[in-house]
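Since the structure of chain A is provided, determine the placement of chain B on it from the hints.
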Amino acid sequence: MKSHKTNIDKQAEELLKLLGTEQVPDINPFLFSRIEQTIAQKSVPQALLASPLWQSLIFAFCLILGIYGGWFWGLTQSAVSTETADTYFVENSFNDLAMETFEYQILEYSEK
Amino acid sequence: MNTSDTYKVENELVVALQRGEREAFRLWVDEQQAMVLKTCYSFVHNKAQAQDITQEVFVEAYLSIHKFKPKARLSTWLYRIAVNKSLNHIRDNKKWSMIQRLEEQWLHKVDEDSIDQEVEDERFRMLYAQINALGKQQKIAFTLSQIDNFSYKEIAEIMALSVSAVESLIFRARRAVKKGIKQRLEEKK
Chain A
1 MKSHKTNIDK QAEELLKLLG TEQVPDINPF LFSRIEQTIA QKSVPQALLA
51 SPLWQSLIFA FCLILGIYGG WFWGLTQSAV STETADTYFV ENSFNDLAME
101 TFEYQILEYS EK
Chain B
1 MNTSDTYKVE NELVVALQRG EREAFRLWVD EQQAMVLKTC YSFVHNKAQA
51 QDITQEVFVE AYLSIHKFKP KARLSTWLYR IAVNKSLNHI RDNKKWSMIQ
101 RLEEQWLHKV DEDSIDQEVE DERFRMLYAQ INALGKQQKI AFTLSQIDNF
151 SYKEIAEIMA LSVSAVESLI FRARRAVKKG IKQRLEEKK
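Residue numbers (the numbering used here), protein chains in the order written: chain A, 1 to 112; chain B, 1 to 189.
I should point out that these hints are in silico values taken from the structure, not numbers from a laboratory.
Check the hints yourself; a few may be wrong.
Below, in silico cross-link-like pairs of lysine-lysine (DSS-like), each with a Cα-Cα straight-line distance of 27 angstroms or less [what the hints assert, rightly or not]:
1) A/K17 - B/K47
2) B/K188 - A/K10
3) A/K17 - B/K136
4) B/K182 - A/K17
5) B/K47 - A/K42
6) B/K38 - A/K17
7) B/K179 - B/K67
8) B/K178 - B/K71
9) B/K153 - B/K178
10) A/K42 - B/K67
11) B/K139 - A/K10
12) A/K10 - B/K67
13) A/K10 - B/K179
14) B/K69 - A/K42
15) B/K153 - A/K17
16) A/K10 - B/K182
17) B/K136 - B/K178
18) B/K179 - A/K17
19) A/K17 - B/K188
20) A/K17 - B/K178
Stretch by stretch, here's where chain B covers chain A in the computed footprint (C-beta under 8 angstroms, at least three residues) [unchecked claim]:
21) 9-18
22) 22-28
Between beta-carbon pairs, the in silico distance windows are [said to hold, decoys possible]:
23) A/P52 - B/E118: 51 to 61 angstroms
24) A/Q37 - B/E167: 15 to 25 angstroms
25) B/K69 - A/W71: 33 to 43 angstroms
Here the structure is a predicted model, which means the values were calculated and not measured.
Note that beta-carbon positions come from the ideal geometry of N, C-alpha and C, so glycine has one too.
The following block holds chain A by itself, in its conformation from the complex:
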């Protein structure tokens, strides 16, 4: 029983000795070209964006664009709604014939 345990101990130690002996794969000679290709595909000019000054400028530009865009959009929306209200007012105040129903037409015709 004891010899069995010692044997297993030995085998386990032998297995642990295998660590680091496995053959490492060969280096890919085209690795650098592949890396360059991948970087080129990610077309963002990283070196440029990396600079803190550029990061601040881009952030400020995005912020201004966002605020101005929101203000402009707001203006456009209110203009549209005013126009819609005006159109509604004109249509219902001066062109109320359009509001007359078919039943009203029949009544009016029969009265004549």
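Then chain B, alone, in the frame of chain A:
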């Protein structure tokens, strides 16, 4: 010519890389690729996958070199990326790698001449199964120490831990791996 000939101080290399100098990057890749490949392979145990991860590591390093702070060594920073990429790859491909392994086993069984290789592979599989069963920190420390032959100090830098913590992790990992192997061997008998 290697990077240490061209750039006497590591800071010069870092500045050149941050400026996006192609030649500096090429020299750096040439110098570090073998070690990065070895590190990735020691985690994923698959040649093609290790090569793909190595490529990803350098792409990531290139794109985030501006984040590098010269408090740590550049190589340590690079190996940290390699370890993280490898662990992410294992996490994302658990199911797929299991299918691949079954496929490889089946192919090996068909090839009658590769019995010795099969026995050898089985021994490695048993070993790696025990390493993979370790906790994340123990697995990283143990792999970097026992397979990649990094020093305790280097591992401590890569893992951002103290040397004594790394020693403790490796000691406990080695004990757990040995215990697991012994259990497997006893089950086989």
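Results for each hint:
Our distance criterion of 27 angstroms between C-alpha atoms is met by A/K17 and B/K47, whose separation comes to about 21 angstroms. Distance restraint check for B/K188 and A/K10: the Cα-Cα separation of roughly 15 angstroms lies within the 27 angstroms cut-off, and the hinted pair is therefore satisfied. Proposed proximity of A/K17 and B/K136 is supported: the alpha carbons are some 22 angstroms apart, at most 27 angstroms. Distance hint between B/K182 and A/K17 is fulfilled; the C-alpha atoms sit about 14 angstroms from each other, no more than 27 angstroms.
A hinted pair counts as satisfied when its Cα atoms are at most 27 angstroms apart, and B/K47 with A/K42 qualifies at roughly 25 angstroms. For the proposed pair B/K38 and A/K17, the alpha carbon gap of about 18 angstroms is at most 27 angstroms, so the pair holds. Pair hint B/K179 plus B/K67 does not hold up; C-alpha atoms about 42 angstroms apart against a cutoff of 27 angstroms. Taking the CA atoms of B/K178 and B/K71, the gap is about 37 angstroms. The hint is violated against a cut of 27 angstroms.
For the hint linking B/K153 to B/K178, the alpha-carbon distance of about 24 angstroms falls within 27 angstroms, and the restraint holds. Proximity of A/K42 to B/K67 is assessed by CA-CA distance (about 18 angstroms); at most 27 angstroms being required, the pair is judged to hold. Between B/K139 and A/K10 the alpha-carbon distance is near 23 angstroms, which keeps this suggested pair within the 27 angstroms criterion. At roughly 48 angstroms between alpha-carbon atoms, A/K10 and B/K67 are farther apart than 27 angstroms, so this suggested pair is violated.
At roughly 12 angstroms between alpha-carbon atoms, A/K10 and B/K179 fall within 27 angstroms of each other, so this suggested pair holds. Under the criterion of a C-alpha separation no larger than 27 angstroms, the hint pairing B/K69 with A/K42 is consistent with the structure, at around 24 angstroms. For the given pair, B/K153 sits about 22 angstroms from A/K17 by alpha-carbon distance, which is consistent with the 27 angstroms threshold. As the CA atoms of A/K10 and B/K182 are separated by approximately 10 angstroms, the hinted pair is consistent with the 27 angstroms bound.
For the hint pairing B/K136 with B/K178, the CA-to-CA distance comes to about 17 angstroms; that is within 27 angstroms, so the pair holds. Our distance criterion of 27 angstroms between C-alpha atoms is met by B/K179 and A/K17, whose separation comes to about 15 angstroms. Under the criterion of a C-alpha separation no larger than 27 angstroms, the hint pairing A/K17 with B/K188 is consistent with the structure, at around 20 angstroms. Of the pairs offered as hints, the one joining A/K17 and B/K178 holds, with about 11 angstroms between alpha carbons and a cut-off of 27 angstroms not exceeded.
Chain B is given as covering the stretch 9-18 of chain A, and this holds because 7 residues of the stretch bring a CB closer than 8 angstroms to a CB of that chain, at least three being needed. Residue count for the stretch 22-28 of chain A with a Cβ under 8 angstroms from a Cβ of chain B: 5. That meets the three needed, and the coverage hint holds. Between A/P52 and B/E118 the beta carbons are some 57 angstroms apart, a value that agrees with the proposed interval 51 to 61 angstroms. Range check, A/Q37 to B/E167: Cβ separation about 42 angstroms, and the 15 to 25 angstroms hint is violated.
Range check, B/K69 to A/W71: about 40 angstroms between beta-carbon atoms, so the 33 to 43 angstroms window is met.
In summary, the numbered hints that this structure violates are 7, 8, 12 and 24.
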